[in-house]
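Protein chains: 2
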Amino acid sequence: MWFKQICTKVKCNINFNQIHRKYSVIASVLEKSNIGELTEVKGWVKNLRVQKDLIFADVSDGSCAKRLQVVIPKHLKTDDLTYGSSVHISGKLSKSPRGQLELTAENVKVYGKCVVLEGYPFNPRTTHPPEYIRQYLHLRPRTNYMSAILRVRNTVTNLIHSYFASKNYIHIHTPILTSNDCEGAGEVFKVQPDNEATVKAMMQKGRNEDSVYFGSKTYLTVSGQLHLEAMCRGMGNVYTLGPTFRAENSRSRLHLSEFYMLEAEIAFCDHIDQLQAFIEDMLKYIFTEIRNKNESDLFLIDKENKIPTWLNKDFVTLTYDEARNILGKKGLDTTEEGINKEQELALVEYCNGVPVFIVRWPKQLKSFYMKDSPEDSSKVDALDLLTPVTGELVGGSLREDDYEKLKSKLPSEALNWYLELRKFGNIPTGGFGLGLERLLQVLCGVSNIKDTLPFPRWPHNCDM
Amino acid sequence: MWFKQICTKVKCNINFNQIHRKYSVIASVLEKSNIGELTEVKGWVKNLRVQKDLIFADVSDGSCAKRLQVVIPKHLKTDDLTYGSSVHISGKLSKSPRGQLELTAENVKVYGKCVVLEGYPFNPRTTHPPEYIRQYLHLRPRTNYMSAILRVRNTVTNLIHSYFASKNYIHIHTPILTSNDCEGAGEVFKVQPDNEATVKAMMQKGRNEDSVYFGSKTYLTVSGQLHLEAMCRGMGNVYTLGPTFRAENSRSRLHLSEFYMLEAEIAFCDHIDQLQAFIEDMLKYIFTEIRNKNESDLFLIDKENKIPTWLNKDFVTLTYDEARNILGKKGLDTTEEGINKEQELALVEYCNGVPVFIVRWPKQLKSFYMKDSPEDSSKVDALDLLTPVTGELVGGSLREDDYEKLKSKLPSEALNWYLELRKFGNIPTGGFGLGLERLLQVLCGVSNIKDTLPFPRWPHNCDM
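Quick mapping for you: the protein sequence lines, in order, are chains U and V. One point on numbering: in the numbering used here, the residue at position 49 of the first sequence is 49, and numbering is uninterrupted. One point on numbering: in the numbering used here, the residue at position 57 of the second sequence is 521, and numbering is uninterrupted.
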């Protein structure tokens, strides 16, 4: 009884569609172009042109690169209606004399004013350089440049998920916190509770502060690969798209302390060709589809952005030795350290800007888990994919699947769980990692990686 | 010239489809059921029944809950072909006398043997309890229970992304590292480089070790909400699905140190009804679609799993005061601390298991950024959604959009950027956060949250 009374009294009798039909996002207003229809939009004034009896306002709501032109009779203009203000406008859709869709306002409401002189950093009719915009991370999505990049980023992540789903891959959330310091690379972040009371309450004799919470030192992941391999040996084909971290003291245009990595592990993969074919197919899919979905955004980011000339060509493959040879003839000798950034870009240029796989790498340049090359036992079956703009974009390999061989190469007992994967019903696998931000750099022609994600983190920069 | 020669010599002349057509995943073999077709599958032997001339093997490759029955003539049996081994089988598809699809093997190759006596923790024909399985994180995906949960998790994340995409929401990667300790909640992890050489090289006079890298103390995020609000005020509707962290010393069946949160921020949202309608619609979509896509997995996890009785009912809404009243009559008095877990579950029971929104919360129980309730200035326009199994599943609110009011409530100057969002073209917004693992608990009827993700982290547990 009680129950029924209360429910009737306060039950939420609302209809989802009613609520959200109140106004339309500009992307769909422009797409549908329903001339004569009563329409309500909400967004920000990007530009304001005052004429004799009329005011023309370009309104954007972030849903697409394009703006809606709104015609406002002068009597509806208030002082708050300025460049940068947020508005709610209702009126009727029509075609302008030039054939452009426009909304003739019947009602104008200003939600929030925007007084540039009070410190709003973006001036009307001004294209600010990315370094300037980057100083205002919290307001940056209001710029054309940044909002376009974030829409492209959103589409690219959607494309990645739909590509893998279409191939029956399972998405796995590999852990961010790990007790594995990943190949002893050294450049990792460690993690511990900030609250001294928590540390004190959990402290045990002989423990260090940085291992008291989890019982072992804990780091931020540098790669989900080893965890993905464990999943692959039960779930089959798997992938992950998530944050990874490097504590390097690097401020280059290609490095971040926090970045996103797409990693995939292909079950029953026993030849590096299979990896190459997968990566090439996936990249061509993304580069093709993004033009169908976000062409206006690409143009907003860079007016010179063009379809890559390599899109209908085969990617090139060179062995590491061949690549060295080519670099040597160009006067760029490689050292024991491998191929540096300048040399990577020289190799791409040499291949006329077509992405190039470098395969069959010297063992000592690559990780312990990579499989020996059948053609040459001093080499491993690894690959790097080099592209314009960034050089290395993808790294991958076949994984050592022989229990004894892997045991002899294992860098730490802490990885015994990884070794044990080879003991019980093991399968051959291979996989790769691709930096999402670098992919966006290539896709959008953005030279600084810090402009490819909403909140870049690098040394001395972790604002907000 | 050079270029052409090399490219012709080593160019990767492989066809993607050729490589991947070599074998089929079992999910698609079962779906297509092409009787008479030559078929190759790769996977693990889950069960082996030896008869006079024939061996029956159930093979699974992780792609679906169901197994493929393989009939193996005895002469193809080797010693390595046992329970747990990984195999490559080719043969012809037929219908068994019982009408079941089966593969009659013509070729059997064992990739990796599996000797249970050498330490493989899972016995044939045994259902191990989840606590036992949880001890073997790296092998856990080989169990029916865990692989089914991970497939459901994969589908749920895909459903979330497609739901938001269909409503024109932009996915934002809010940062994992933040200088904002989030409302001073205290239970955060701090982050610093592990490498002493890096710390030494970057050290400046007067700096503490834990602020030397980023120039300020840095934490793992506890919520992306404030960052999402910044994005919403330029991009419109936005959401994020990513990892969040709590350094609490809690080992309950509902808490993790690392977990995933779905957070959404709705642009131009000015009534809590809109939030409620959104959440209810989204949850009903997910609970309906998961049964279309993963019914066999849900059954594998819990044979008793049934369609929730509330799926075709309206969610209930109670104000906080009404909820207290009900609890009081049940002899469960609330304190100043709000509603505890026992009380949450009592309220859901009171509503006959239908999810219930608790709205209009006392100000002092909720966060500084929540908007005053127009009906009662001692209350804020916040909501909790309570469900069976977990109690609280979602928390949300309208956001304070008045510059002066927010300024008076701001807990720290470090949040001045957040305040400034209200200064320039501000809009009303509201949003919510939903724990992905708790959603999976409700969906699958899994009582311990540690079984809803591949690598659970909680105090004293960060293996691998």
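Any given hint could be a false lead.
Okay, derived cross-link-like pairs now, DSS-like style, lysine-lysine, Cα gap no bigger than 30 Å in a straight line [to be verified]: (1) U:Lys-205 / V:Lys-681; (2) U:Lys-190 / U:Lys-217; (3) U:Lys-330 / U:Lys-293; (4) U:Lys-32 / V:Lys-748; (5) V:Lys-757 / U:Lys-293; (6) U:Lys-167 / V:Lys-827; (7) V:Lys-496 / U:Lys-167; (8) V:Lys-664 / U:Lys-405; (9) V:Lys-805 / V:Lys-827; (10) V:Lys-869 / U:Lys-109; (11) V:Lys-827 / U:Lys-217; (12) U:Lys-190 / V:Lys-681; (13) V:Lys-631 / U:Lys-303; (14) U:Lys-450 / V:Lys-664; (15) U:Lys-200 / V:Lys-748.
By construction, these hints were calculated from the structure, which means they are not laboratory data. Being a predicted model, the structure only gives us computed values, none of them experimental.
(request) Go through the numbered hints given earlier and state which of them the structure violates, listing their numbers in rising order. (result) Hints 3, 6, 8, 11 and 15 contradicted; others consistent.
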